[in-house]
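Chains D and W, in that order, give the protein sequences. FYI, the working numbering numbers position 47 of the first sequence as 47, with every residue one higher than the one before it. FYI, the working numbering numbers position 65 of the second sequence as 65, with every residue one higher than the one before it.
Don't take each hint at face value.
What the hints assert, rightly or not - Quick list of simulated restraints, FRET-style, between CB atoms: (1) W:35 x D:43: 39 to 47 Å; (2) W:45 x D:43: 27 to 35 Å; (3) W:207 x D:72: 34 to 42 Å; (4) D:30 x W:178: 34 to 42 Å; (5) D:77 x W:187: 35 to 43 Å; (6) W:155 x D:10: 27 to 35 Å; (7) W:81 x D:72: 31 to 39 Å.
I should point out that these hints are in silico values taken from the structure, not numbers from a laboratory. Heads up, the beta-carbon is just placed ideally off N, CA and C, and yes, glycines get one too.
Given next are the chains, with one letter for each unit.
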Amino acid sequence: MTDRFRTGDRVRVRTAFPPGHVRTPFYVRGKTGDVVSVAGHYHDPEELAYGRRGAPALALYRVRFTQDELWGSGEAPGDDLVVDLYENWLEAGHG
Amino acid sequence: MAEAHGHDHAHPHQPDIEDAAPSHYQLMTEAVAGLLVEKGVFTADALRAMLEAIDAKSPADGARVVARAWADDAFRTRVLEDVNAAASELGIDAGSIPIRAVANAPGLHNLVVCTLCSCYPRLLIGLPPDWYKSRAYRSRAVREPRAVLREFGLELPTETVVRVHDSTADLRYLVLPERPAGSDSLDEDALAALVTRDCMIGTARPRAPA
Numbered sequence: 001m002t003d004r005f006r007t008g009d010r011v012r013v014r015t016a017f018p019p020g021h022v023r024t025p026f027y028v029r030g031k032t033g034d035v036v037s038v039a040g041h042y043h044d045p046e047e048l049a050y051g052r053r054g055a056p057a058l059a060l061y062r063v064r065f066t067q068d069e070l071w072g073s074g075e076a077p078g079d080d081l082v083v084d085l086y087e088n089w090l091e092a093g094h095g
Numbered sequence: 001m002a003e004a005h006g007h008d009h010a011h012p013h014q015p016d017i018e019d020a021a022p023s024h025y026q027l028m029t030e031a032v033a034g035l036l037v038e039k040g041v042f043t044a045d046a047l048r049a050m051l052e053a054i055d056a057k058s059p060a061d062g063a064r065v066v067a068r069a070w071a072d073d074a075f076r077t078r079v080l081e082d083v084n085a086a087a088s089e090l091g092i093d094a095g096s097i098p099i100r101a102v103a104n105a106p107g108l109h110n111l112v113v114c115t116l117c118s119c120y121p122r123l124l125i126g127l128p129p130d131w132y133k134s135r136a137y138r139s140r141a142v143r144e145p146r147a148v149l150r151e152f153g154l155e156l157p158t159e160t161v162v163r164v165h166d167s168t169a170d171l172r173y174l175v176l177p178e179r180p181a182g183s184d185s186l187d188e189d190a191l192a193a194l195v196t197r198d199c200m201i202g203t204a205r206p207r208a209p210a
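With the sequences and hints as input, model every part of the structure.
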């Protein structure tokens, strides 16, 4: 299995609101950030939570967002946030 | 009991943990634990010992890892690759959930939160403080980290990047603070004594003794 994204790629978090044990916080949905690293491959927690296998394992990415991107304006221009997101929540980002 | 003294006053009530009705999840946890013991998956004593072992973990273990990283560059490199493996070199069992270090540097300050629940490197630095699990910390740390840090007594210049890490998934995060100025003469034990729990969450910075 090859990872869909690499370090440095721009990615956009899907704007989706599925029910269940979702590990993608609301505040990053629809936001665009940069892949900082691939943090490994893990079974899908949204499946594991219901006793399913969550296979195949998904790539887990550390994605960096500026505070400005998340909130419109941050407390200071350089501030940012890194969050761990599974591949099934990401699409290619632009700009 | 009323005989001991005349009763025209109310005694303050010491709240009991059972005062609130048990939640769905408390009941579920007790039922599952009871079933696992009943079916012989583990014994009640093994469960008790497991809880005792988790409760016995303390920030002192994490502090030893940080102090060694300050004293030994090669060890620091290994900490930045894999905290669990580096901790095991010091005889510390940090469990199997991967812990990653995020290093503070001149111009960069890291802060850890888990907005979804209370993910925390418990097997390395013990149980999280209550505020770490509070909705206020979890929501504000991502939205206004500088205001939160100010309330913890840490005012950072705007030139310093504040980087928040939201541990939403399979990894746990440990802040590797900067070694404080004026700590050159300290040995590793003395260095470890400077590293508090909050320094490893990112709500404080270690200070060398004046």
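Taking the numbered hints from earlier one at a time, note which ones the structure violates and give those numbers from smallest to largest. Hint 1 alone not satisfied by this model.
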